[in-house]
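Novice: These are the residues of each chain, in order.
There are 2 protein chains.
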Amino acid sequence: MRKVAIIGVGLTKFGELWDVSFRQMIVEAGARAIEDAGIDGKQIDAMYVGNMSAGQFIHQEHIASLIVDHAGLLPIPCTRVEAACASGGLALRQAFIAVASGIHDIVVAAGIEKMTDILAEQTTEALATAADQEWEAFVGSTFPGIYALMARRHMHEYGTTEEQMAMVAVKNHHNACFNPCAQYHMEVTIEDVLKSALVASPLKLLDCSPITDGAACAILVPAEKARRYTDTPILIAGTGQASDAISLHDRQTLTGLRATVEAVRAAYKMAGVEARDVDLAEVHDCFTIAEIMAIEDLGFCKKGEGGKITEQGETALGGRIPINTSGGLKGKGHPVGATGIAQAVEIAQQLSGEAGKRQVEGAQIGLTHNVGGSGGTAVVHIFKRGD
Amino acid sequence: MRKVAIIGVGLTKFGELWDVSFRQMIVEAGARAIEDAGIDGKQIDAMYVGNMSAGQFIHQEHIASLIVDHAGLLPIPCTRVEAACASGGLALRQAFIAVASGIHDIVVAAGIEKMTDILAEQTTEALATAADQEWEAFVGSTFPGIYALMARRHMHEYGTTEEQMAMVAVKNHHNACFNPCAQYHMEVTIEDVLKSALVASPLKLLDCSPITDGAACAILVPAEKARRYTDTPILIAGTGQASDAISLHDRQTLTGLRATVEAVRAAYKMAGVEARDVDLAEVHDCFTIAEIMAIEDLGFCKKGEGGKITEQGETALGGRIPINTSGGLKGKGHPVGATGIAQAVEIAQQLSGEAGKRQVEGAQIGLTHNVGGSGGTAVVHIFKRGD
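Chains A and B, in that order, are what the protein sequence lines are. Each residue of the first sequence is one higher than the one before, starting from 3 at the first, in our numbering. Each residue of the second sequence is one higher than the one before, starting from 3 at the first, in our numbering.
The hints are simulated quantities; they were obtained by calculation from the structure and are not laboratory data. Do not take every clue at face value.
Any copy, or any two copies together, can satisfy a pair, since identical chains are not distinguished.
Unchecked claim - Derived pair list, reagent style EDC-like, types lysine to aspartate or glutamate, alpha-carbon separation capped at 20 Å:
#: 1; residue 1: Lys5; residue 2: Asp107
#: 2; residue 1: Lys310; residue 2: Glu136
#: 3; residue 1: Lys304; residue 2: Glu123
#: 4; residue 1: Lys15; residue 2: Asp281
#: 5; residue 1: Lys271; residue 2: Asp281
#: 6; residue 1: Lys227; residue 2: Asp107
#: 7; residue 1: Lys386; residue 2: Glu164
#: 8; residue 1: Lys271; residue 2: Glu164
#: 9; residue 1: Lys305; residue 2: Asp47
#: 10; residue 1: Lys271; residue 2: Asp47
#: 11; residue 1: Lys271; residue 2: Asp107
#: 12; residue 1: Lys15; residue 2: Glu307
#: 13; residue 1: Lys386; residue 2: Glu276
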């Protein structure tokens with residue numbers, strides 16, 4: 003397998019983009035990535051795009067063809083991949099494998115979701131199709147309810163508190179204030195979170211990530227050729243993907259995600275690093291409890307101590323292991339199919355020293371963690387600053 | 003890149019399977035492939051699954067997680083890929099790339115669609131999401147109408163006749179009679195086709211492929227290890243994928259598919275063969291005119307002569323280049339996401355000499371051709387019988 007590096011990244015503004023269409027968004031993100039990489043579109047050999055459900059959100063399947071056409075990239079192959087909210091991470095992984103295999107040289111990994119063109123209740127119903135239709139959605143479960151079950155059990159087993167969960171939201175909203183592309187530039191306090199409307203006890207509105215439109219792109223090339231295009235190539239040193247039962251009742255535990263544990267084990271092994279080597283991470287904080295479980299499952303602390311290290315500030319900017327410097331899904335926004343690529347964009351900018359006011363000084367190794375549904379799929383990537 | 007071979011294949015019965023669920027179908031096809039390969043499920047490293055729109059057909063996204071769970075394969079990675087009716091072909095290509103890269107050894111390429119659990123008009127509407135929503139579906143176009151435009155232009159430019167199109171249906175229904183898994187075991191005559199209900203002039207009901215439930219699997223390994231598992235490994239010698247404008251009005255021509263021409267060029271180049279070397283092919287006959295255009299675009303005859311060589315019997319069993327010995331989409335059925343894999347199943351069985359009464363004697367090289375929508379995506383694979 004060839005080594006693979008990122009040479010350029012691009013992001014649209016994240017938010018409720020009522021005046022921007024699906025096709026405009028992907029072209030905008032792609033154009034920024036091409037400009038960042040300093041290449042010509044004609045040099046691109048193939049594209050992978052992560053998207054959860056354009057079929058339900060904008061009534062359009064077969065988006066890969068639509069995207070390469072509107073991006074002016076015909077007739078290159080374009081492949082859509084989907085694993086609910088992990089779709090972007092999967093697109094990055096497939097692009098990585100394609101370059102590593104030698105079948106393509108310059109490959110775009112993209113992610114996109116246009117979620118606000120339908121009514122909010124329709125969006126919630128569409129998102130619920132990422133859960134088991136016969137065992138979960140059938141009885142009325144939606145994602146806040148499913149993650150609330152995990153939160154309750156985590157509180158019961160480890161003494162995690164609602165205040166600790168709120169601190170995840172406070173931190174990520176703070177970080178988002180330094181990210182020009184974030185959906186929210188709005189600080190929140192612990193009290194704001196605790197007093198926000200109850201969605202599914204113990205989760206309040208400000209424990210939940212929002213509904214977001216957005217697109218993200220990263221351009222991958224063989225590492226040996228990366229220096230032709232940039233002085234700061236970002237090596238994709240490890241990739242791991244794993245599956246678990248789609249429905250909660252079939253899982254081994256409610257207080258962590260087996261798919262995360264398996265995926266990060268594979269990624270650490272491939273990259274030849276351990277959790278302690280990682281300087282910063284973008285993790286899948288679709289709900290505040292999800293970040294707490296993630297930092298445990300990824301090995302940044304012992305199981306059950308995710309709430310505690312959040313409270314102690316270890317995951318804040320300037321802390322031991324800064325988590326979600328971009329603002330995360332919570333503050334930056336969560337256009338589901340775009341999120342996995344947007345995480346890689348943040349890590350690439352951080353390792354290149356281009357993260358502005360949210361820069362983690364001297365960062366050499368970063369990690370992304372992208373989850374589908376309630377944990378049926380997880381994908382982890384590890385990035386190293388090129389020497 | 004490592005060479006890649008198929009060591010086992012499996013297919014469900016195709017048809018209106020009202021007593022079989024989505025999850026049962028994929029397990030059935032997978033179990034048959036595993037049995038055919040003579041491996042244990044525990045040996046499988048990863049899975050790719052082609053599916054057009056479980057989101058619309060059974061209101062379930064994130065099917066990759068559901069499938070590996072129900073197949074007893076947790077926690078291996080599973081990735082859904084989608085390009086409308088070319089989803090299966092894309093799954094085969096991604097599985098090929100994964101094995102070729104060295105990241106995985108034993109990989110399942112699967113395809114599945116459960117189309118009959120909703121009303122027929124809902125199915126037609128769901129299928130129309132593979133066309134451009136803003137330029138085609140918006141004005142009421144569905145696929146019979148879109149292919150009818152291509153048929154009319156082909157008739158105008160090349161003198162192709164409705165009788166020649168009908169002969170595609172007659173041939174493919176005949177072939178399907180020898181395929182135990184086919185949806186139809188029913189001969190039709192040219193008169194039957196010409197007298198069947200008009201759907202979108204000049205296409206009649208029997209010019210159209212049906213709505214079908216079904217699943218298909220193929221198991222891929224590095225070619226150098228294939229002999230451990232089977233005496234008749236089938237080498238995947240070439241793969242090609244290409245894109246074109248999703249909507250007809252942006253295409254260079256109406257009488258052929260640029261995506262097919264580009265995809266087969268890449269596949270022939272990789273395999274080191276030409277059209278004349280191919281012994282048989284499974285092509286994407288979603289409508290009879292589509293088979294006529296495909297055999298031209300793939301190089302089996304000159305542009306415009308597809309109708310003529312069909313009339314002359316060159317594409318029949320025993321003819322110069324047998325096309326759709328399985329019965330094709332027309333006779334075997336067209337569970338959209340499964341079709342690309344089912345095509346590979348047929349070629350693998352033919353090259354292994356296991357195709358029973360539809361066997362093409364001495365077949366050494368086979369080709370599959372899978373199209374998404376009206377030609378926004380095409381993927382071609384070339385297979386060789388292992389020496």
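Novice: State for each hint whether it applies.
Specialist: Verification of the hints:
For a Cα distance limit of 20 Å, the shortest separation of lysine 5 from aspartate 107 qualifies both inside one copy, at 11 Å, and across copies, at 19 Å. Within a single copy, lysine 310 and glutamate 136 get their C-alpha atoms no closer than 36 Å, and across copies no closer than 50 Å, so neither meets the 20 Å cut-off. Taking the shortest alpha-carbon separations for lysine 304 and glutamate 123, neither the intra-copy value of 38 Å nor the inter-copy value of 54 Å comes in at or below 20 Å. Taking the shortest alpha-carbon separations for lysine 15 and aspartate 281, neither the intra-copy value of 26 Å nor the inter-copy value of 53 Å comes in at or below 20 Å.
Taking CA atoms no more than 20 Å apart as the test, lysine 271 paired with aspartate 281 passes inside one copy only; the shortest distance there is 17 Å, against 45 Å between copies. In this assembly of identical chains, lysine 227 and aspartate 107 lie within 20 Å of each other by CA distance solely inside one copy; the values are 9 Å within and 27 Å between copies. In the homo-oligomer, the alpha carbons of lysine 386 and glutamate 164 never lie at most 20 Å apart, since the shortest distance is 35 Å inside one protomer and 61 Å across protomers. Neither within a single protomer nor between protomers do lysine 271 and glutamate 164 lie at most 20 Å apart by alpha-carbon distance, with minima of 35 Å and 61 Å respectively.
For a Cα distance limit of 20 Å, the shortest separation of lysine 305 from aspartate 47 qualifies neither inside one copy, at 43 Å, nor across copies, at 28 Å. In this assembly of identical chains, the alpha carbons of lysine 271 and aspartate 47 lie at most 20 Å apart only when taken from different copies (16 Å versus 29 Å within one copy). For a Cα distance limit of 20 Å, the shortest separation of lysine 271 from aspartate 107 across copies, 17 Å, qualifies, whereas the shortest one inside one copy, 25 Å, does not. For the homomeric pair lysine 15 and glutamate 307, neither the shortest alpha-carbon distance inside one copy (34 Å) nor that between copies (51 Å) is at most 20 Å.
Proximity of lysine 386 to glutamate 276 under the C-alpha cut-off of 20 Å is restricted to the intra-copy arrangement: shortest distance 13 Å within a copy versus 44 Å between copies.
Consistency with the previously given hints fails for numbers 2, 3, 4, 7, 8, 9, 12, ordered from lowest to highest.
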